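Colleague: The lines below spell out each chain.
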Amino acid sequence: MQENRHLFIIWGALLIGVIYLARLFSLQVLDESYAIESSSNSIKKIIEIPARGQIYDRYGNLIVYNTPVYDLVVTPYKARVRDTLRLCQAFGIERWEFDSLMAAAKAYSRVKPSLFLRQLSKEEFARIQDIMVDYPGFEFERSSVRTYTTASMANALGYVSEISKKQMDEQEEPYYRKGDYIGQTGLEKFYEKELRGKRGTKFVMVNVKGIQKGSWKNGELDTSSVVGRNLYTGIDLMVQQYADSLLVNKVGSVVAIEPKTGQIIAIASSPTYDPRLLSSRSFSKNYMELYRNPYRPLFNRAVMSSYRPGSTFKLIQALVALQEGVITAGTGFAHGSAPMKCHGHPPIASVAMGVQHSCNPYFYHVFRRVLYDNDETNSFTASATGLSRWHEIAKRFSMGEKLGVDLPSEFKGNVPDDKYYDKRYGKGRWKFSNIYSVSIGEGELLTNPIKLANLAATIANRGYFYTPHIVAGIGTQDGKPLQQYRERHETGIARQHYEAVIEGMKGAVTRGTVPAFAQLSSGIVSAGKTGTSQNPKGEDNSIFIAFAPVDDPKIAIAVIVEYSGFGGSHAAPIANLLIERYLKRETISKSVEAYVLRKNYLPNYIFPRGTILPKVQERKDSVRKAAPVTVPLAVREDTLRTVGLRRTGGNKQDLKKGI
Amino acid sequence: MAERSKYVFGNIDWLVLLLYISCVIMGWFNIYAVVYTPENPMSMFDLSYRSGQQLLWIGTASILIIAILVVDHKFYDTFAYVIYGLIILALIAVLFMASDIKGSRSWIKLGSFSLQPAEFAKLGTSLALAKYLGDPTLKLQHWKDYRVVALIIGLPAVLILLSNETGSALVFASFLIMLYREGLPGIILVIGIVMAALLVITLLVNKWFVVGGIIVLVALVIFLMPKMARRRGGALTSVLFGVGMIITVLGVDFFMNNVLQKHQRNRIMVLIDPYSDPQGDGWNVIQSKIAIGSGGMIGKGFLQGTQTKFDFVPEQDTDFIFCTVGEEHGFVGALVVVGLFLGLVSRLIVLAERQRTRFGRVYGYCVAGIFLFHFMVNIGMTIGLMPVIGIPLPFFSYGGSSLWGFTILLFIFLKIDAQRPFAL
Numbered sequence: 001m002q003e004n005r006h007l008f009i010i011w012g013a014l015l016i017g018v019i020y021l022a023r024l025f026s027l028q029v030l031d032e033s034y035a036i037e038s039s040s041n042s043i044k045k046i047i048e049i050p051a052r053g054q055i056y057d058r059y060g061n062l063i064v065y066n067t068p069v070y071d072l073v074v075t076p077y078k079a080r081v082r083d084t085l086r087l088c089q090a091f092g093i094e095r096w097e098f099d100s101l102m103a104a105a106k107a108y109s110r111v112k113p114s115l116f117l118r119q120l121s122k123e124e125f126a127r128i129q130d131i132m133v134d135y136p137g138f139e140f141e142r143s144s145v146r147t148y149t150t151a152s153m154a155n156a157l158g159y160v161s162e163i164s165k166k167q168m169d170e171q172e173e174p175y176y177r178k179g180d181y182i183g184q185t186g187l188e189k190f191y192e193k194e195l196r197g198k199r200g201t202k203f204v205m206v207n208v209k210g211i212q213k214g215s216w217k218n219g220e221l222d223t224s225s226v227v228g229r230n231l232y233t234g235i236d237l238m239v240q241q242y243a244d245s246l247l248v249n250k251v252g253s254v255v256a257i258e259p260k261t262g263q264i265i266a267i268a269s270s271p272t273y274d275p276r277l278l279s280s281r282s283f284s285k286n287y288m289e290l291y292r293n294p295y296r297p298l299f300n301r302a303v304m305s306s307y308r309p310g311s312t313f314k315l316i317q318a319l320v321a322l323q324e325g326v327i328t329a330g331t332g333f334a335h336g337s338a339p340m341k342c343h344g345h346p347p348i349a350s351v352a353m354g355v356q357h358s359c360n361p362y363f364y365h366v367f368r369r370v371l372y373d374n375d376e377t378n379s380f381t382a383s384a385t386g387l388s389r390w391h392e393i394a395k396r397f398s399m400g401e402k403l404g405v406d407l408p409s410e411f412k413g414n415v416p417d418d419k420y421y422d423k424r425y426g427k428g429r430w431k432f433s434n435i436y437s438v439s440i441g442e443g444e445l446l447t448n449p450i451k452l453a454n455l456a457a458t459i460a461n462r463g464y465f466y467t468p469h470i471v472a473g474i475g476t477q478d479g480k481p482l483q484q485y486r487e488r489h490e491t492g493i494a495r496q497h498y499e500a501v502i503e504g505m506k507g508a509v510t511r512g513t514v515p516a517f518a519q520l521s522s523g524i525v526s527a528g529k530t531g532t533s534q535n536p537k538g539e540d541n542s543i544f545i546a547f548a549p550v551d552d553p554k555i556a557i558a559v560i561v562e563y564s565g566f567g568g569s570h571a572a573p574i575a576n577l578l579i580e581r582y583l584k585r586e587t588i589s590k591s592v593e594a595y596v597l598r599k600n601y602l603p604n605y606i607f608p609r610g611t612i613l614p615k616v617q618e619r620k621d622s623v624r625k626a627a628p629v630t631v632p633l634a635v636r637e638d639t640l641r642t643v644g645l646r647r648t649g650g651n652k653q654d655l656k657k658g659i
Numbered sequence: 001m002a003e004r005s006k007y008v009f010g011n012i013d014w015l016v017l018l019l020y021i022s023c024v025i026m027g028w029f030n031i032y033a034v035v036y037t038p039e040n041p042m043s044m045f046d047l048s049y050r051s052g053q054q055l056l057w058i059g060t061a062s063i064l065i066i067a068i069l070v071v072d073h074k075f076y077d078t079f080a081y082v083i084y085g086l087i088i089l090a091l092i093a094v095l096f097m098a099s100d101i102k103g104s105r106s107w108i109k110l111g112s113f114s115l116q117p118a119e120f121a122k123l124g125t126s127l128a129l130a131k132y133l134g135d136p137t138l139k140l141q142h143w144k145d146y147r148v149v150a151l152i153i154g155l156p157a158v159l160i161l162l163s164n165e166t167g168s169a170l171v172f173a174s175f176l177i178m179l180y181r182e183g184l185p186g187i188i189l190v191i192g193i194v195m196a197a198l199l200v201i202t203l204l205v206n207k208w209f210v211v212g213g214i215i216v217l218v219a220l221v222i223f224l225m226p227k228m229a230r231r232r233g234g235a236l237t238s239v240l241f242g243v244g245m246i247i248t249v250l251g252v253d254f255f256m257n258n259v260l261q262k263h264q265r266n267r268i269m270v271l272i273d274p275y276s277d278p279q280g281d282g283w284n285v286i287q288s289k290i291a292i293g294s295g296g297m298i299g300k301g302f303l304q305g306t307q308t309k310f311d312f313v314p315e316q317d318t319d320f321i322f323c324t325v326g327e328e329h330g331f332v333g334a335l336v337v338v339g340l341f342l343g344l345v346s347r348l349i350v351l352a353e354r355q356r357t358r359f360g361r362v363y364g365y366c367v368a369g370i371f372l373f374h375f376m377v378n379i380g381m382t383i384g385l386m387p388v389i390g391i392p393l394p395f396f397s398y399g400g401s402s403l404w405g406f407t408i409l410l411f412i413f414l415k416i417d418a419q420r421p422f423a424l
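Chains P and X, in that order, are what the protein sequence lines are.
So the first sequence is numbered by the numbering used here: it starts at 1 and just counts up by one.
So the second sequence is numbered by the numbering used here: it starts at 1 and just counts up by one.
Do not rely on the hints blindly, as some may be mistaken.
[Said to hold, decoys possible] Derived pair list, reagent style SDA-like, types lysine to any residue, alpha-carbon separation capped at 20 Å:
hint : chain 1 : residue 1 : chain 2 : residue 2
1    : P       : Lys395    : P       : Tyr485
2    : X       : Lys300    : P       : Lys106
3    : X       : Lys207    : X       : Val252
4    : P       : Lys590    : P       : Ser522
5    : P       : Lys45     : X       : Gln53
6    : P       : Lys106    : X       : Gly384
7    : P       : Lys78     : X       : Leu47
[To be verified] Which chain X residues face chain P? A few, computed with CB under 7 Å, are given here:
hint : residue
8    : Ile292
9    : Val336
10   : Val338
11   : Leu340
12   : Val345
13   : Ile349
14   : Leu372
Hints were generated in silico from the structure; no laboratory data involved.
These numbers come from a predicted model, not from an experiment.
Don't be surprised by glycine CBs; every beta carbon is placed ideally from N, CA and C.
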């Protein structure tokens, strides 16, 4: 039988041959659809990239849109360049640039078109179009470029750029091709799928001259493109621009939220950059400059940074203690044996007073009572039990987890629980005296502006919040936000406890830790809390959270200004001005504005990128201030220019007229 | 003996030589047709174009042929394992020092030319298999013998797979044809084909339809079986077969949906069903079919093709060269090329059968199997009957490594065949 096997194999091979020939016969002779009318016609695939969605503010003002531009592509084997010099002059490029672009195109493919010059404006296109008739092999392709109505909000908007090789390899479905644009950060990245739309493919017949002769197979295989969906944000562009202006010459950020909806009204990070820098033809050069800039303008401090909450965390301490029932609204503490110093103020007789004067010893005692007021007799186990119960309530403010804001790279934050310290010190080897710095918002606590703004919104709402989000509607103005932003998160803490704390916050703004020069003259009743958190790199970070009006909160805000010092003096005036601008649509407290604009808190020492900064010693006495670092605050004008900050453009006008 | 040394070409099989020369020359003309552009006509011999470079490869291949024919046939027998070992070393080396070309790390750069050891691995493996199975005392009946065979084939295949050349690794399946001739039970071949078919079907069709289909099929087979066979356990065997098939289907489905990442899954899907990505590989197949289909009965004429010139797949002069044949020479041209390959494969099998040594026969079948596999997959892919697996069409596709590899592979066999009277 084995002897016949060679015949089986030969017959098998012949069978394959017959099948193939039959298929070839049907393709070539029988099927008419492939026999295109004339042999000089060919089929070309045209990819239609739809316009990217636009971005609007809450009043329908345009923030981001698209401008048509023209890309010049070259097909090397067709290219005939007789007068290179003339061509270079027309494009305004050097001879060597032309040569290297040509070489790159040839290296990619001789027969396929490669990008030659990107983003020629309409004017440039009109000027060059006539000349290009003399240069076969060059073609124009319509494309579009992101355009911004304002030099504001760059970090939250993000930018689009050519897809990287890594992103190409990792994409879940094969959608993007080499040279495609993709949202890289901010909203552009988070809402990439909504914004980009869906590209279409058309198969058309073209003749040798490249002129289209209609669709192929009646367009059976064509898919039409779908325009990207617009994003309608909750941003108030006037407040947004004002926030960016107030942050000039400061390192820090602002997040303002509408408490009732969770919509973000303004989100600013400073130092920032002009978004147009990253949508221009010199993207790579600009990007590298921004990337290398020691002030890290590409870093969105509002969501990516990490700070200690400082005294603002006392609000959570008070609320947890009240809810746990270990104190009442009228509980007072003397300074007693507390290891922290306090600023001069009258004796504290209530929670409200503790908040108003931000009394460190008071909250030391509050937290101590939260940890120790349980049945455990051993101080180690009592601390563990107490902290576990404390964490159970404290975590409902989402300070130690990602909120889920619609921006990429959100910082997680940290609110330690008993397991955290068990890991760190060993089980049963730590107690209140090791961790008391948590009582005043230092120690292992980590947060950032978006979380602090959310805390302000939660207190403003007296107990609940919606996850902060920028985009309030997708597709249409009255479209809905994503499902996860429609869910109400409850803290489960009784309303009267909030009222007690808010009483103290009201006091803080008018006769507490916010100094008189930073207070508003427009009669807005607001509630706020200052914070001064340790900054391992230099002068303290100034923090302020607030909401207003107290009885019907319309805005909740958090401001952080790094390297500036006391919370009430630096962050509070900025927050107050923004509240006033949002509620009154104008700036009434001119002296406060003048004060803020005058201040410059940019550190003028520069950390090279990658420098490992000394960490604060993580000891139990970490409440003690880090050794003071003298930071000369006066920064010369030229420093600013070299770091590429926005000094010009819109801002002065923004200050006066709003938009 | 005197006669042997006088004529290098003495005793050589002239039919195969003729087929070889026809293929190489037609291939060269087609490569010229691909790179030729009416706007920029250039000479066929222009070394800056691929047609000129291919001529260079053809020239060097002729020198190789003479060298192969001059060397004594015993050399290949004696040094089979050495050659195999060297190629394995080259495959390992390539993993560490190769330059990355289009995501695959399988090229070694030698000055301005690059060599792809994978193209020579088939040769080394064929020799090693022939040497191992050439032992007259060895009968392919023990599991142990198959284990060694599997190792000889599997080692280079895995190394090639590691360098991201899936297509070249799949070619190693062609040794099944030789093993079948040498006594591999036919049922294994059948199971292999059924498994491959199931894999493809599972990816394309809802798994429950496939499972249902298998159950119906098994029931039908048992029902139609002669009573005798049924009584002898035919029914049980059929049920076991069916269960095995169902397990395969569910296993493939589980692997695809639960183990693989989404993008990995997509890559496999594109391989099976190009239309799942009509803008990528699917486009290649659509365009390829258009090109071949537009050729009609007699084609558009030499250098008159349009489909294969503009905006086409990057591999138009390598993996998709058959499109140019189909477009410019029509069904007639395609018929000639298919005929050439079928003639070559059949002739090789006939030659293999007349070998006196088992070494010669095994090697001959390896060669025939490799050509058949390349022919089947490459042309099948261009007409949409096979998944897009990037392997060249022997002698037609542009490329020095592949031309050299196939030439050496073929002419070693011709040399062995020519000296058949002197063997043993």
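Colleague: Would you mind marking each hint as holding or not holding in the structure?
Modeller: Checked hints:
1. Among the hinted pairs, Lys395/P with Tyr485/P is consistent with the structure: their alpha-carbon atoms are about 19 Å apart, no more than 20 Å.
2. Proposed proximity of Lys300/X and Lys106/P is contradicted: the alpha carbons are some 29 Å apart, above 20 Å.
3. Note on Lys207/X and Val252/X: the hinted pairing holds, with a Cα-Cα distance of about 9 Å set against a maximum of 20 Å.
4. Distance hint between Lys590/P and Ser522/P is fulfilled; the C-alpha atoms sit about 10 Å from each other, no more than 20 Å.
5. With a C-alpha separation of about 31 Å, the suggested pairing of Lys45/P with Gln53/X is violated against the 20 Å cut-off.
6. For the proposed pair Lys106/P and Gly384/X, the alpha carbon gap of about 31 Å is over 20 Å, so the pair is violated.
7. Taking the CA atoms of Lys78/P and Leu47/X, the gap is near 19 Å; set against the 20 Å cutoff, the hint holds.
8. The criterion of a C-beta within 7 Å of any C-beta in chain P is met by Ile292/X, whose closest approach is roughly 6 Å, and the hint holds.
9. Hint on Val336/X is violated. Least Cβ distance to chain P is approximately 11 Å, over the 7 Å limit.
10. Given hint, Val338/X at the interface with chain P, holds; its Cβ is 5 Å from that chain's nearest Cβ, closer than 7 Å.
11. Interface restraint check for Leu340/X: the shortest CB-CB distance to chain P comes to about 11 Å, outside 7 Å, so the restraint is violated.
12. Restraint check, Val345/X versus chain P: the minimum CB separation of about 5 Å is within 7 Å; hint holds.
13. Look at Ile349/X: its Cβ gets to within about 5 Å of chain P, closer than 7 Å, so that hint holds up.
14. Interface hint at Leu372/X: satisfied, since its Cβ lies 5 Å from the closest Cβ of chain P, which is below the 7 Å cut-off.
Violation of the numbered hints given earlier is confined to hints 2, 5, 6, 9 and 11; the remaining hints are satisfied by the structure.
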